[in-house]
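**Q** The lines below spell out each chain.
Number of protein chains: 2
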Amino acid sequence: MAGYVSEAVIKRLPSYYRHLKELEREGVNQISSQDLGERMRLTASQIRQDINCFGGFGRQGYGYSVEGLREHIGHILGVDHLHKMIILGGGNIGRAIASSNSFPNNGFETVAIFDNDPKKIGTDVEGIIVQDICNLERFVHEHTVDIALLAVPAMRAQSLAEELYGYGVRGFWNFAPLDLKLPEDVSVENVHLDESLEVLSFRMMQQLCSPML
Amino acid sequence: MAGYVSEAVIKRLPSYYRHLKELEREGVNQISSQDLGERMRLTASQIRQDINCFGGFGRQGYGYSVEGLREHIGHILGVDHLHKMIILGGGNIGRAIASSNSFPNNGFETVAIFDNDPKKIGTDVEGIIVQDICNLERFVHEHTVDIALLAVPAMRAQSLAEELYGYGVRGFWNFAPLDLKLPEDVSVENVHLDESLEVLSFRMMQQLCSPML
Chain A
-13 MAGYVSEAVI
-3 KRLPSYYRHL
7 KELEREGVNQ
17 ISSQDLGERM
27 RLTASQIRQD
37 INCFGGFGRQ
47 GYGYSVEGLR
57 EHIGHILGVD
67 HLHKMIILGG
77 GNIGRAIASS
87 NSFPNNGFET
97 VAIFDNDPKK
107 IGTDVEGIIV
117 QDICNLERFV
127 HEHTVDIALL
137 AVPAMRAQSL
147 AEELYGYGVR
157 GFWNFAPLDL
167 KLPEDVSVEN
177 VHLDESLEVL
187 SFRMMQQLCS
197 PML
Chain B
-13 MAGYVSEAVI
-3 KRLPSYYRHL
7 KELEREGVNQ
17 ISSQDLGERM
27 RLTASQIRQD
37 INCFGGFGRQ
47 GYGYSVEGLR
57 EHIGHILGVD
67 HLHKMIILGG
77 GNIGRAIASS
87 NSFPNNGFET
97 VAIFDNDPKK
107 IGTDVEGIIV
117 QDICNLERFV
127 HEHTVDIALL
137 AVPAMRAQSL
147 AEELYGYGVR
157 GFWNFAPLDL
167 KLPEDVSVEN
177 VHLDESLEVL
187 SFRMMQQLCS
197 PML
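Protein chains in written order, with our numbering: chain A, -13 to 199; chain B, -13 to 199.
Note that these hints are calculated values from the structure, not bench results. Be a bit skeptical, because a hint or two may be false.
Note: identical chains are not told apart, hence a pair may lie in one copy or across any two.
[To be verified] Computed list of lysine to any residue pairs in SDA-like fashion (alpha-carbon distance at most 20 Å, straight line):
no.	residue 1	residue 2
1	Lys7	His67
2	Lys(-3)	Leu179
3	Lys105	Glu170
4	Lys105	Asp66
5	Lys7	Pro169
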């Protein structure tokens, strides 16, 4: 994969990956940019442009190999090898993610959950025992940890992220409602649920204010 | 609020709202575009451009009234009045959202949870009893329902959304891993957790491949 990829294309990559997996399940071997575009509600030209952008693929008039393209995009996304994830915060979100059966199939494995609440420590989440946060440093030094999921209150998230950075963790999946300030060699992806709901509310307001189509 | 607002600005609105609430809590009354920009890691000129875009505010050289701007953006986002939400799917995600104490403070109230799993029906989630999905139609007809949160398997989500559309629901907060196909007068906001994790994985790959700064 060569060169700069725009933020918009990056955000579309997982959607390509999902649609290609669906096509594989449906037994489709080849797909044209036209058909893929209809499925993804993008234009054929947008599809060709995107796919060129992440390395070129397929031949004019022959369409794309579904399996080949899915593998290629999976490789770009880095989901063709396993990521070990720890969860900070054994509350509802942390437990929901740990209990989800979709992530292990996609190259992500939850290897530990930490909390500082005595009521949560020692409880079982799908076979993973919630550990005392005091064990965090030792655990990270003794195990491979690629990603830390932060599902802790906003006031705890920054200091915890810095601590984890100090232990060598470079990937953060942040559910806390704040923007983490971390060095440049860190990757952060935010899931701000409050903000998502506010954007939905905004779109609903726009619908109310705009004339019916 | 007049005219077209770009998707990028829409996505930044909740972040403005969050930072302004924080500033209010810190007792800050006025803020310059420079200072707000530093806080939000945007340029002062970007801040001014955004704020102009959603209606103009503040006077050159005086900065913005924190409370005034927060109220204005809250109004644009539609979070200054209460949204009634129902949750479809009493699994981990549905329960996590229903149990969250951050949404009620932000203008969103969970009024019911539905599931078709006899093991979940009748269980209590923070005072809300999970109802049989058979009651859905009656409930929506008898109560105001602004938003339906879809936390059901992908294969169920489309038909359920269509059913809810038929009952008059026009706002969908979709956690199921698919793109809903619904009429134009519907607002949909997706939370695709798998995709978020894949984007994180992609960013980590990029960090590995790019030379250290």
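**Q** With reference to the structure, classify each hint as holding or not holding.
**A** These are the hints, each one checked on the structure:
no.: 1; hint: Lys7 to His67; verdict: within (16 Å within a copy, 41 Å between copies)
no.: 2; hint: Lys(-3) to Leu179; verdict: both (17 Å within a copy, 12 Å between copies)
no.: 3; hint: Lys105 to Glu170; verdict: neither (36 Å within a copy, 47 Å between copies)
no.: 4; hint: Lys105 to Asp66; verdict: neither (37 Å within a copy, 36 Å between copies)
no.: 5; hint: Lys7 to Pro169; verdict: neither (35 Å within a copy, 26 Å between copies)
Checked against the numbered hints above, the structure violates hints 3, 4 and 5; every other hint is satisfied.
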